[in-house]
Amino acid sequence: MKQSVAIALNAVNIQYDKEPIIEDLSFSFERGKSYTLIGPSGCGKTTLLYTIAGLNALRSGDLTFEPLDAQNHIAMVLQEYGLFPWKTVWQNIILGCLIREKSLSDEDTLNAQKIAKEIGLEAHLDKYPHQLSGGQKQRVAIARAWLLTPQIMLMDEPFSALDTITRETLQNTIITLIAKRQLTWITVTHNIEEAVFLGAEVLLMGQKGGKIVKRFENPYFGDPHLREKPEFYALCLDIRKAMQAVHDET
Amino acid sequence: MMKRNAYALLIIGIFWYGLHFFINPRLIPAPHMAFLALLENWDGISLHVLSSLYRILVAIFATLIVGVPLGILIATHPRIDRLVSPLIYALYPVPKIALLPILMLFFGLGDLSKIILVGLIILFQILLSTRDGVKAINPSYYISMRTLGATKWQIYRHMIIPATIPNLLTSLRLSIGTSISVLFFAENFATQYGIGYFIMDSWLKLDYKGMFAGIIAISLMGVCLFGIIDLLERHLCKWQSS
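Chains A and B, in that order, are what the protein sequence lines are. Quick note: the first sequence, position 3, residue 3 per our numbering, numbers continuous. If you want our numbering, it's the position in the second sequence, counting the first as 1, plus 1000.
For reference, chain B alone in the conformation it holds in the complex (with noise of 0.2 Å):
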């Protein structure tokens, strides 16, 4: 894993040497100097990368809420999977970030926005994940857990739930960085805190040190948030790496 990190930091750090010194050392600092300014600037960093993740995190959890037991739902009654899956085909391709400005109207100015914001876009992606992942179970399953006589719950508990795992966690994967990309959008609108409005008002103020210093900064939310999910695979599901 630690090897894994390093090389990867190896090639970004040799590709990023690179735009330095044969494209313009002004505008792209050499990476040493914006990892400097965000150390030195950490306090104020930190900040922005704390409301950052405090959206992120409650946009994926409220997310999970609402989309992994309709995503179950809709797997296990076809008649509904035929009620809404349409509807969910229409309504994932519409670019939800067009809706902030009406969200925005809603729901604030605030947090709540942007959450909800995120929210609508990585909820579809949770919801057809588990929704595959529950309708990919083994129809052999199903029939092993009726002749041991489990009630409709303990299917959820002892095999539906634990079927749908895997499928969620990569679907928690695709999420977080699809929410990271949404938020950086999102921050530049109607608030002083988040690292998007950060990397933003540092480009504003031709403080590119202090721009390639919040780039790294979301870098490493994005790397611990992986590592999060990374180890809830390794504990939930040990069958797949035994």
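Okay, chain A solo, but in the shape it has when bound (with noise of 0.2 Å):
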């Protein structure tokens, strides 16, 4: 079934410095449906990401959100974490929501206690950022994201300065987030395995000019052990492949 589109790209330039990062892209984001760019350094991606966020200006070309409002209903995980060193845990995840509804409801506290709950973070909300590992520091980025009820979820190489093991609980932990609501999602990400685990389709980006120059649909996303089946190695080889043919064509 053809879903709907949530976020539309129409001839979308932009600029850092007068050097041009993306030109003239054109592509559409289906609603519910989660996507992983993948492609070389400097290709665009996080450029890309971030003007989704709203946080870069286009310079030229139409971005779109249907419905309308979903352009603030979007929340972000960074791939420095974001965190506040002087708030702890609990007020870094609440801080959005005090952000955007200038006063924390009943409702929201408890729906905050049931996300770190269901995180694990539950006891570590007394904590500082620094007392907190890499994993449990990302895992606040995500609850302070997740606690926003976004429609479109952004990440941004959001597990790429973790171990495997802490990386690949992460991503389990994003698979089970990901099957409870129907969100947009979009992950950057360096990393093959994790695009593949992460993304219902993976956006292969050329090496210039931030364009998508290979999609990758894989029907195996969201089976939280498929890692274990060679499926899953097979989708990541072709996307390996064609990486390597993007990275030589320069």
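No lab work stands behind these hints, which were simulated from the structure alone. A virtual CB, placed ideally from N, CA and C, is assigned to each residue, including glycine. Honestly, I wouldn't trust all of these hints.
What the hints assert, rightly or not - Going by beta-carbon spacing under 7 Å, a handful of chain A positions derived as facing chain B:
hint, residue
1, A57
2, G61
3, M76
4, G82
5, W86
6, I99
7, R100
8, Y128
9, L132
10, G134
11, E217
To be verified - Taking lysine-lysine and the DSBU-like style, the derived pairs with C-alpha atoms no more than 35 Å apart in a straight line are:
hint, chain 1, residue 1, chain 2, residue 2
12, A, K114, B, K1152
13, B, K1152, A, K102
14, A, K18, B, K1135
15, A, K102, B, K1238
16, A, K102, B, K1135
17, B, K1096, A, K117
18, B, K1135, A, K127
Please dock the two separately framed chains into a single complex, following the hints provided.
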């Protein structure tokens, strides 16, 4: 069944210091689908993500959301966690709610407590970020984003600083969250296995200009045991070959 | 904390007794004699201490009101930074203490000219430390705030102000030391109240016990002010001590 469009980019151009990063990009992200963006360094993945988040201005082109107010319901998880060291874990989790709603309702408090429990942060709520491991910090960032009940969730290389086991544990957490709500997820990653595990569709970007050069549908998406199956590695291999081809073009 | 203070007192005491016994017992009274003189004259000395405290606290408070917002403004607006920072660098090294006669001419012989002098000296420390504190904020925090949809005011409230507090407290510590030194000088002109006046007056009267009692009082004043800053730090920067 064809899903409706959540985010549409039409002939989008973005520049940094007069240097074009994304040139004439047109693409539609379907609602409720999980995408992963993969590609060489400097190809414009993060720029595209930040543009969707409203952090970059378009030089030309259109970026539209469906429904229109979806752009006010975007949450983002950053590579460097984006936690504030002067706030406790609890204060960091509820910060987004405080900022967007100006106050914290009883319902928000209950939700925050529930999410903290689900994500495994219950025992750490009074701690400060520097007292947490990298994995725990990223859990806080995810909890903060999740509490905002977004329609669109963006993640910028969320687990790149973590060791393999912590990374896979968090990927499993994400898969559980994805199954809970029909959100549009877009994850930027450098890691092919992560791209396949977290993406119902893997988008490979070209070396320059922010072009999406190849799309890989992932029929196995959502299976928490995917890493144990040969299909997973076959798809990873296909993507690796395509990435190598992109790399060799330069 | 108590142990640290006792240790500091012990070192100062030993050094002081050494000076008393080996240099000149008449010029340098024994610490216990100076302490007794402080207790005996506490009613009079406390008035001098309160006058000095009043001048220091008003100067610090006024400087915080001017220096912190200005420091934040400079740090967050590069164009203002480019215009104002060279001016600050040019004025900071000028010995403001030389301005005392001019300040007395314009603001009178009373407290105001002394408060302005102290304020002028510590303003630069507070302004620059605030500016540098804001500039040192990790850029990813700004991105994080923007992704949460924070308004300008919310960015100040949840990020810029808390991030600046540790730097501000450090500069307050430095400012307290500087304020007491400057005030000691300023209180020797056109006033009969202030611990600086009391110490110099005792010296001129060859009342060395009184002079050292005043020095102990000024030191205790500093200890109390630093103690308040430490308390503030423990309360406002829990994340640093956890």
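Check the structure against each numbered hint from earlier and tell me which ones fail, lowest number first. Checked against the structure, the hints that fail are numbers 1, 2, 9, 10, 11, 17, while the rest are satisfied.
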